[in-house]
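Knowing the structure of chain A, use the given hints to seat chain B on it.
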Amino acid sequence: MTKPVTTQRVNTDTPLLHADGVSSIRGGRVLFAQLQFALYSGELWQISGANGAGKSTLLRMLAGLLQPSSGGVFFNGHKLAAYRNEFHQQLLYIGHKAAVKPELSALENVFWQRRLGGDKSAQLNDERDWDVLEQLGLLGLEEELTGRLSAGQQRRVALTRLWSSTAELWILDEPFTALDVDGIALLQQRFKQHLDNGGSIIMTSHQPLGLADLPLQQLTLAPLQQEAMSE
Amino acid sequence: MNSWQLWRSVLAKDLRIAARRRSDALNPLMFLLMVVTLFPLGIGPGPDILERIAPGIIWVAALLATLLGLDRLFKDDYNDGSLEQLCLLPEPLAYTLTAKVAAHWLLSGLPLVLLSPLLALLLNLPVDAWWALALSLLLGTPALSALGAIGAALTLQLQRGGSLVSLILLPLFIPLLIFATSAVENAGMGLDVHAQLAILAAISVLTVTLAPLAIAAAVRMSMN
Chain A
1 MTKPVTTQRV NTDTPLLHAD GVSSIRGGRV LFAQLQFALY SGELWQISGA
51 NGAGKSTLLR MLAGLLQPSS GGVFFNGHKL AAYRNEFHQQ LLYIGHKAAV
101 KPELSALENV FWQRRLGGDK SAQLNDERDW DVLEQLGLLG LEEELTGRLS
151 AGQQRRVALT RLWSSTAELW ILDEPFTALD VDGIALLQQR FKQHLDNGGS
201 IIMTSHQPLG LADLPLQQLT LAPLQQEAMS E
Chain B
232 MNSWQLWRSV LAKDLRIAAR RRSDALNPLM FLLMVVTLFP LGIGPGPDIL
282 ERIAPGIIWV AALLATLLGL DRLFKDDYND GSLEQLCLLP EPLAYTLTAK
332 VAAHWLLSGL PLVLLSPLLA LLLNLPVDAW WALALSLLLG TPALSALGAI
382 GAALTLQLQR GGSLVSLILL PLFIPLLIFA TSAVENAGMG LDVHAQLAIL
432 AAISVLTVTL APLAIAAAVR MSMN
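Chains A and B supply the protein sequences, listed in that same order. Using the working numbering, count along the first sequence one by one with no gaps and you end on 231. Using the working numbering, count along the second sequence one by one with no gaps and you end on 455.
With the rest of the complex left out, here is chain A (with noise of 0.2 Å):
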């Protein structure tokens, strides 16, 4: 059964997300079914379970952009569906697929996912831009195209946005992918910042998380044996 780790923690607030007793079941298998889950502002959250287990497909449903088989996800208590302008407004998703242009350079990239993210200050060649390309090691590849970069390196121009986002919730699918020890530090650090400020996240990693001071909260995906009865 799909058994949410239950915390210590109390409270009584609305929290920022949660998912009522949602299901999956694709291709005729249940992933998981009647999950619980909440997240409250500055929780930190990670989902783990065997490949398969339904990680990227419940990121995916909390994100919005997959109906749940059944249940609902909330934001703020209200139904996503009818809430989706100001959830996507506070949303940041990053999933396994970069989004990031292999035809246009790093700087352009970080351009595009300013001005996407509405920002309408954004410039190309901003002040910001640089500071968060230094900060993730890609000066002097700036102007290369992002399509003759390294994995580990395209995966740091699509993590600029967590640099250049101001949004308060983050849906990050295995941000560690490819990245090295110092990728991965900086990350965790950008991490604690973000949690420090009020912000939350939920993530899927294989990886233990190295950020001792910080609640982190865990939520087991187990396979479930029994097959889906119909469609």
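Careful, some of the hints might be misleading.
Computed Cβ-Cβ distance ranges for the label pairs, DEER-style [what the hints assert, rightly or not]:
#: 1; chain 1: B; residue 1: I280; chain 2: A; residue 2: Q123; range: 55 to 63 Å
#: 2; chain 1: A; residue 1: Q123; chain 2: B; residue 2: N455; range: 33 to 41 Å
#: 3; chain 1: B; residue 1: L437; chain 2: A; residue 2: E134; range: 47 to 55 Å
#: 4; chain 1: A; residue 1: E103; chain 2: B; residue 2: Q236; range: 54 to 62 Å
#: 5; chain 1: B; residue 1: T440; chain 2: A; residue 2: N197; range: 41 to 49 Å
#: 6; chain 1: B; residue 1: Q236; chain 2: A; residue 2: Q218; range: 37 to 45 Å
#: 7; chain 1: A; residue 1: A151; chain 2: B; residue 2: A250; range: 21 to 29 Å
#: 8; chain 1: B; residue 1: L398; chain 2: A; residue 2: G147; range: 28 to 36 Å
#: 9; chain 1: B; residue 1: M420; chain 2: A; residue 2: Q123; range: 36 to 44 Å
#: 10; chain 1: A; residue 1: Q193; chain 2: B; residue 2: P402; range: 54 to 62 Å
#: 11; chain 1: B; residue 1: P323; chain 2: A; residue 2: Q189; range: 31 to 39 Å
Hints in this document: simulated from the structure, not taken from any laboratory. A virtual CB, placed ideally from N, CA and C, is assigned to each residue, including glycine.
For chain B alone, kept in the frame of chain A given last:
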């Protein structure tokens, strides 16, 4: 940032990417030119017969050229994750996707209109019919892009959707073909063409307004 600025950003990004991969936009146009030049070679260069079949040839070649580029319309964005980011924007998906359709039209429809005098010349179309050809392409190609985008969105999850897109779309293009070629023929004979052009414009307005809803629904379905 208001919706209009966002719309322009989506459009500008697509155009910038297209500028980096010019062959994608140029290949369908080269294909069109080749097809149109093959006909005089195959049928014989008799001016009478060419003049008779020119409107049909040009429009059929235009339809096929449009289909060539459609496969890539959403595919790259789907594969690299940009499409799911568009789904996560606060603005309605149907609205933001029209920017992509507009970019497609600027890169495939508009060049057809600009090329049309050359095509008309190659097929010995009477000078009186040139403007009707250009106008029919100008009014008809937005509908090609909008309908084409539905097909492209529906086949996103398929590995090789190209031939299926053609099968879905070509029947839908038939009304356009009928009215467009009839307009060009009438113009060549000195007859009135307002009716045909008005119907073409109506088809375009209808598809450009309603297709985005279908495109958005198809893209959302592909997120599964």
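Hint check:
1. I280/B <-> Q123/A: 55 to 63 Å: 58 Å, holds
2. Q123/A <-> N455/B: 33 to 41 Å: With Cβ atoms ~37 Å apart, the hint holds.
3. L437/B <-> E134/A: 47 to 55 Å: 51 Å, holds
4. E103/A <-> Q236/B: 54 to 62 Å: 22 Å, violated
5. T440/B <-> N197/A: 41 to 49 Å: 43 Å, holds
6. Q236/B <-> Q218/A: 37 to 45 Å: With Cβ atoms ~41 Å apart, the hint holds.
7. A151/A <-> A250/B: 21 to 29 Å: Distance hint for A151/A, A250/B holds at roughly 26 Å.
8. L398/B <-> G147/A: 28 to 36 Å: For L398/B and G147/A the Cβ distance comes to about 32 Å; the hint holds.
9. M420/B <-> Q123/A: 36 to 44 Å: Roughly 55 Å apart at Cβ, these two residues miss the hinted range, so it is violated.
10. Q193/A <-> P402/B: 54 to 62 Å: Between Q193/A and P402/B, where Cβ atoms are some 56 Å apart, the hint holds.
11. P323/B <-> Q189/A: 31 to 39 Å: Once the Cβ atoms are compared, 36 Å apart, the range 31 to 39 Å for Q189/A and P323/B holds.
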